[in-house]
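Residue numbers (our numbering), protein chains in the order written: chain A, 1 to 442; chain B, 1 to 442; chain C, 1 to 442; chain D, 1 to 112; chain E, 1 to 112; chain F, 1 to 112.
Hints were generated in silico from the structure; no laboratory data involved. All values reported here derive from a predicted model rather than from experimental measurement. Be careful, since some hints might not be right.
[As the list claims (entries may be wrong)] Below, a list of computed lysine-lysine pairs in the DSBU-like style, where the Cα atoms sit at most 30 Å apart:
1) B:K274 - C:K403
2) F:K85 - C:K328
3) B:K328 - E:K85
4) B:K274 - C:K214
[What the hints assert, rightly or not] Beyond 12 Å from chain A on every Cβ pair, some chain E residues (computed):
5) D15
6) E21
7) A23
8) G48
9) A49
10) E66
11) S71
12) Q79
13) I86
14) V96
15) E97
Note that the Cβ used here is the ideal one computed from N, Cα and C, for glycine as well.
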Amino acid sequence: MELDSGNAAWMLTSASLVLLMTPGLALFYGGMSRAKSVLNMMMMSFGAMGVIGVVYVLWGWSMSYGTQSVAGIFNNPFESFGLAGALLDGDGNYVLNGFNYPVVIDVAFQVTFAIITTALISGAIAERVKFSAWMIFAGIWVTLAYFPMAHMVWGGGLLSGSENSLAAAIFGVTDGAANVAPLDFAGGTVVHINAGVAGLVLALIIGKRKGFGKVPMRPHNLTLTMLGAGLLWFGWFGFNAGSAFAADGVAGLAWVNTTAATAAAILGWLVVEKIRDGHATSLGAASGIVAGLVAITPAAGALNPVGSIALGIISGVACAFAVGLKYKLGFDDSLDVVGVHLVGGLVGTVLVGFLSTGGSVFFTAEGAFGFGGLDQLWIQILIAVVAVVYSGVITAIIAIAIKATLGWRVSEDVESAGIDLAEHGESAYEGISAGRIATEVK
Amino acid sequence: MELDSGNAAWMLTSASLVLLMTPGLALFYGGMSRAKSVLNMMMMSFGAMGVIGVVYVLWGWSMSYGTQSVAGIFNNPFESFGLAGALLDGDGNYVLNGFNYPVVIDVAFQVTFAIITTALISGAIAERVKFSAWMIFAGIWVTLAYFPMAHMVWGGGLLSGSENSLAAAIFGVTDGAANVAPLDFAGGTVVHINAGVAGLVLALIIGKRKGFGKVPMRPHNLTLTMLGAGLLWFGWFGFNAGSAFAADGVAGLAWVNTTAATAAAILGWLVVEKIRDGHATSLGAASGIVAGLVAITPAAGALNPVGSIALGIISGVACAFAVGLKYKLGFDDSLDVVGVHLVGGLVGTVLVGFLSTGGSVFFTAEGAFGFGGLDQLWIQILIAVVAVVYSGVITAIIAIAIKATLGWRVSEDVESAGIDLAEHGESAYEGISAGRIATEVK
Amino acid sequence: MELDSGNAAWMLTSASLVLLMTPGLALFYGGMSRAKSVLNMMMMSFGAMGVIGVVYVLWGWSMSYGTQSVAGIFNNPFESFGLAGALLDGDGNYVLNGFNYPVVIDVAFQVTFAIITTALISGAIAERVKFSAWMIFAGIWVTLAYFPMAHMVWGGGLLSGSENSLAAAIFGVTDGAANVAPLDFAGGTVVHINAGVAGLVLALIIGKRKGFGKVPMRPHNLTLTMLGAGLLWFGWFGFNAGSAFAADGVAGLAWVNTTAATAAAILGWLVVEKIRDGHATSLGAASGIVAGLVAITPAAGALNPVGSIALGIISGVACAFAVGLKYKLGFDDSLDVVGVHLVGGLVGTVLVGFLSTGGSVFFTAEGAFGFGGLDQLWIQILIAVVAVVYSGVITAIIAIAIKATLGWRVSEDVESAGIDLAEHGESAYEGISAGRIATEVK
Amino acid sequence: MKLVTAVIQPHRLDDVKAALEAAGIRGMTVSEASGYGRQRGHTEVYRGAEYTVDLVPKVRVEVLVESEAASTVADVVVQAAQTGKIGDGKVWIVPVEDVVRVRTGEHGAGAL
Amino acid sequence: MKLVTAVIQPHRLDDVKAALEAAGIRGMTVSEASGYGRQRGHTEVYRGAEYTVDLVPKVRVEVLVESEAASTVADVVVQAAQTGKIGDGKVWIVPVEDVVRVRTGEHGAGAL
Amino acid sequence: MKLVTAVIQPHRLDDVKAALEAAGIRGMTVSEASGYGRQRGHTEVYRGAEYTVDLVPKVRVEVLVESEAASTVADVVVQAAQTGKIGDGKVWIVPVEDVVRVRTGEHGAGAL
Ligand SMILES: Nc1ncnc2c1ncn2[C@@H]1O[C@H](COP(=O)(O)OP(=O)(O)O)[C@@H](O)[C@H]1O
Ligand SMILES: Nc1ncnc2c1ncn2[C@@H]1O[C@H](COP(=O)(O)OP(=O)(O)O)[C@@H](O)[C@H]1O
Ligand SMILES: Nc1ncnc2c1ncn2[C@@H]1O[C@H](COP(=O)(O)OP(=O)(O)O)[C@@H](O)[C@H]1O
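Isolated chain A, as found in the complex:
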């Protein structure tokens, strides 16, 4: 087995692209918050980079991948604590994985997923949470919710297609693999449903911002948000096309599907806005981008490009409606983690059961248009449900524990005056127009 430097090159690139998504997210979210809380919003992403960058190396990889699975839910954190023994073989050579590139590059790729998933959650609890509480939450959540979910779906656990999976229990096993395997190409369950449910639970437990639904909380800088959306799209190529784990046709297909679905989702979202509100907005375009990217994530390798366009439109339309729900239901999911990531993640995960060209409601196992059975759909729904429940329960436990000890919220005065000042001792912009003057000569 020889090193495939082409695969290695693409995976190094993909890891870098996905790492960039978190600063991109910080801008996307930062632009949508108010000027007095933009730094705190961005710091929740950058803080997650700090915590999880360290934690992943120590026990994150080991809890996700390895040979010592605990009930198919997580792997023994001490099997390769600190990556010890995971990277080199006995002769000091880099261990290669099944795609013939070094496992250390897999570590690179996977740490970026853990970071962005955790950072995504922060949008649900913008502008009101102690930075210390967030940092502690990030470290615990990634450990108890993310690493297990990654193990279950990608590490051969319960939600995978391995012989010890739920799918194997339901559909039987051939040659050590479930006869019908769940499809989650790049993380519909692990990333988006996981983060979306966590956002919902946190929004409920932490409560609304003072004045939510009554006072204006307009995005303070939409150029930042659009820039963020652009960087997210760019980085998402690593996320999706990188999840082929090779520079090959599947990666190419995932790339094209990602772009087709995202473009379609922009159009879907804008058409809803134009009809419903009278204007197609730039925030709508930026949001449509993310909605499309989220929905295609689990599906990117399983659909054809025209199917991806359909998926994108559906996701754009669905999320454009879903972001309004919070006002009706009265929870303050500030930047719509639920409306975009949970809903988009569910749309994508479930639609795979309809649109997969490898046997689904609309395609036969041979890839021809026609009825291919309901099995894929059932298993997709099952993994979505398990993900929702697992993430919901774990997040609730962590959130309640933090509420009872450290407490989540800053004071109402701090919320009014702006969390940036109180939590970080800074303000994002200098200038009298923010009521401040820089004076010069003494």
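We have chain A already, so just place chains B, C, D, E and F with the ligands on it with the hints.
Leaving out everything else, chains B, C, D, E and F with the ligands in the frame of chain A:
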């Protein structure tokens, strides 16, 4: 024929880089517009991503590449509509191209070119056009102007070096290829002349902004413009070095030439400004970057690095003067699509005839310094002229048709108050300093 | 020897990533300066791209690499002036290097290092220097300080492990290589110590800004700074993982170490701030990112991931304290080039002597935890000291020469009113809130 | 006629606006300001350097009224803007000799 | 002396400035403001949430003049700023007891 | 009571603030403005197009004082703000009929 994963890796990366250019362009253009129209400016780019991302998958690829050319001008749009039949062979394996990577990655690479080319045009008609008119124009223009031009130059059509090309008709054919083939490495004609001419035609047909040339229309945020220029440079490595279609020496040369020419163009532009206006500006540096990138585009694989420096200086100087023309000639090419892309594209396309190391005015066919004949120059001028005429005629027809039906312009009141508010129902920045106040407690 | 397209792909990508670091740096620095000088700050980076992009092609490569070393300090600038003879062999084929990719891609990679290193220096002399003086300095400094340092460390010169190096003189030679070779994986000496010392010398010779230490000089836009930090991190993967010169396990290790150290440095910096100042700031997080990236640069291929976490924490803590020194010592290193790049570069270069898994204070030559000798530490200290002295002397000579002729400083009035207006004839932001009004109807 | 000027806490603006409307006032002009007074500013730290920010954000509201309404309007503003914390601001009344409505050229009370 | 204050539509500023110059006025101070009045604001929608923006951008122009010139100056401003549409703004005149030129310390008319 | 308004160079604000404090003044309101006067603006060039910017940044300082202190306060400001260069600005005094402290509702001198 085996998959070359290294080439595949580089082309996946290149496609991603070129995709990023369009958000980069949105920032570049957005920073140059006024605060009240920055969102609309950016939305013209993001809207193009939506429309063309979908259209390209449906009929764009098929119109550009295939076996059913119509008079060498475009390919049958239904040959591989929706990419059907284009990606997989009979056995369901990914079809490889001549560089041994999957054709689906070519689709990825090419869709990004179609998007950025269309988005480029929007700079010529900033701050005054209905968003709906733009979206419709984008879909029609890319279909009637871009896909045919791509087919003509890159798809074996009239402006290529194939045996059915103009070059073959003029210079004869050997082994199925024209004896002297036109050189357009990465899109001087298809992208820059095409977009530049379209911008000129639209600016003439749509007319000036209210107050053009009389009232200040200063860039509202030059840090955005510089960021955009930086992202464009970065993305352009995919554009130019990716146009080698392989991770090889040609790609490396294109990379180095791209950087050398761009650096030289910065210096060229800044020196003109310093001498003429007294100051070397940051907008000048950002503009010089684009001017250099544009000019080296058709030439990146054909010159040596010192030739690229010369090309860059010439382009920087030429464009620095060309952007002033609109005031003298009285057309409102708002963000200088003509002055930079048309002029830069012509400079690059024509200078290839002087500087190509494979036989040109200054280099023999063996690459030595010395007279290598005028043939290359003639054919370069020819393809430039054909591109200008084709793009001009098609764009004029589309633009007049839209004018006669939907209409292009927003009202004068909307222009005064800011197109963002009227067309998108949004304003980019929150804060009283834009005459607006966010109030908080009810 | 056949082309390794995977390595080529990764190095093309890496070169592009490192090129992006300079616009990223422009944003990082620009956000930290005042609104009235942000364009000048950014122009120092973009200007360096212009000057060095040209100079490198002409004599930069030749002075760094080649066969005609002058005393191990620099290579004959005319050996491959304009890259002549360096890229193609006698048959016109691209010359491959030892990693089986074309040398022209090495040129691409190396030019980006020369640019970013020079641009780094500008942070030390923000808001007060004539743009023309800077541009001239950039061209001279890169020639006399950077290219020689690159030659000494990477081009087989004095500070390398070649048989003509200091290390060879001290530790003896086996098979043409020093028995103990200095380790500088990606540029701790060449880049960070070099730039950091140059910044210190310039800050001392050019002097303080008017009002330094007395009047507020707050960052005017921290979202720009955080965006810049994000782009730097992203680009740094090219810098560090690209310095493996291959898409292999070493590159993967460098990637993981880079992320681990950077994450740890964020935490280190924020903890210092929280304890010392009461708040963990976003500027601290952005600064911690850079501190971690700087320190891991020389070490990225030599440590294990847990060692990298240790290195990151130490660097974050050290730099968080070091940035305060300038107020005590009274020099105006405006944006902390000394506190971050010199200190971080020294931390990284020296800690390699403790943490290298190939024989150091804490690891045996076999990579086991245990005492591996002091040799590595001594040679690391030696190269650091030589780098400090060389860079200091050369920079001082250049700076004094410029001071005596052209002069460095703009007038005090210009400093008060803002250098953007005087040097570039521009202001970054339009709007009355900067005391300016754009009026519209005539 | 009189000009009633109020410098208030930004977050009271909505209430002040509503109260004025309720009191029959149909127009006002609002602008940003920074106040210096008993209310303490705060400290910000950037890379270890402390900055004291002692100008705090305020909003200025200007209302032109007929002379006899001036003190009532001032009272309305005071009531709506009051939180009882230091930094609530000031209201003052200045005599106005004439007011013109730009659109019509009307003078005096009719211009309001 | 008098202070003539005008709150006008931003896009009329250039004309007002020109008209004042033509009328021999050599100086003025300009600032941003937001107006609330008969002129309707507008609605913005962000992810389905509607925001009403009822403060519209205005510009405030302040001109110190000798007492006898005040009403002429007010007229000049009104004429130059008028578009006839709702929201054109107001001009008002306030008595000033003294004016000083900072540069020289001159008082009264000489300070203008 | 009086209102002393000063339009000054932005970089003199710190000194003016310090001088007022030294003179026993405990509060003031500050805002941004742009001035047009003898002081020349400047020209900016963007892609060859010249823009003249003839409104230069100023800061407005407003201080409410008891009537007898007004001219002293004006003098203090003039002294602190003076650089002797064109564009130093103006200070003027306007009569005020009443002042209220929002926090307490106190009127008159006690409200300062
Ligand atoms: N003498 C004054 N002149 C003008 N404005 C003042 C004066 N004193 C206070 N202000 C304004 O009133 C605001 C509140 O004043 P402050 O002394 O902080 O609290 P309070 O009015 O509640 O005692 C200040 O921020 C300032 O804008
Ligand atoms: N009573 C008032 N006091 C202060 N400013 C006012 C008053 N009424 C109106 N204005 C200002 O004048 C502007 C125009 O007033 P508006 O009622 O909209 O139109 P018009 O003056 O044409 O009737 C408002 O936006 C506001 O800035
Ligand atoms: N007649 C005026 N009314 C209002 N403000 C004025 C007037 N004249 C000057 N100013 C303000 O004073 C500032 C300085 O005036 P200027 O004529 O430039 O210098 P100087 O006062 O030193 O002669 C101007 O920028 C403007 O803000």
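* Is the Cβ of D15 of chain E farther than 12 Å from every Cβ of chain A? -> Non-interface label on D15 of chain E holds, nearest chain A Cβ at 26 Å vs cutoff 12 Å.
* **Beyond 12 Å from every chain A Cβ - status for G48 of chain E** => Check fails; 4 Å does not lie beyond 12 Å.
* Asked: E21 of chain E clear of chain A by more than 12 Å, beta carbon to beta carbon?
  -> Fine: 28 Å to the nearest Cβ keeps E21 of chain E off the interface.
* Hey, K328 of chain B versus K85 of chain E, does the alpha-carbon distance stay inside 30 Å? -> Not OK: K328 of chain B and K85 of chain E at ~35 Å, beyond 30 Å, violated.
* Asked: Is the Cβ of I86 of chain E farther than 12 Å from every Cβ of chain A?
  -> holds (23 Å)
* Quick one: work out the minimum CB distance from V96 of chain E to chain A and report holds if it exceeds 12 Å, violated otherwise. => Answer for V96 of chain E: holds, closest chain A Cβ roughly 25 Å.
* Straight-line alpha-carbon gap K85 of chain F to K328 of chain C, limit 30 Å -> violated (35 Å)
* Mind verifying the non-interface call on S71 of chain E? Its CB should be farther than 12 Å from each CB in chain A. => Holds, because the least Cβ-Cβ distance between S71 of chain E and chain A comes to about 34 Å, which exceeds 12 Å.
* Asked: Is it correct that the beta-carbon of E66 of chain E has no partner in chain A closer than or equal to 12 Å?
  -> holds (31 Å)
* Asked: Beyond 12 Å from every Cβ of chain A: is that where the Cβ of E97 of chain E lies?
  -> Holds, since 28 Å exceeds 12 Å.
* Confirm or reject the statement that A49 of chain E sits farther than 12 Å, beta carbon to beta carbon, from all of chain A. => Nearest chain A Cβ is 7 Å from A49 of chain E, so the label is violated.
* When you check the alpha-carbon spacing of K274 of chain B and K214 of chain C, does it fall within 30 Å? -> Violated, at about 34 Å.
Hints 2, 3, 4, 8 and 9 from the earlier list are contradicted by this structure; the remaining hints agree with it.
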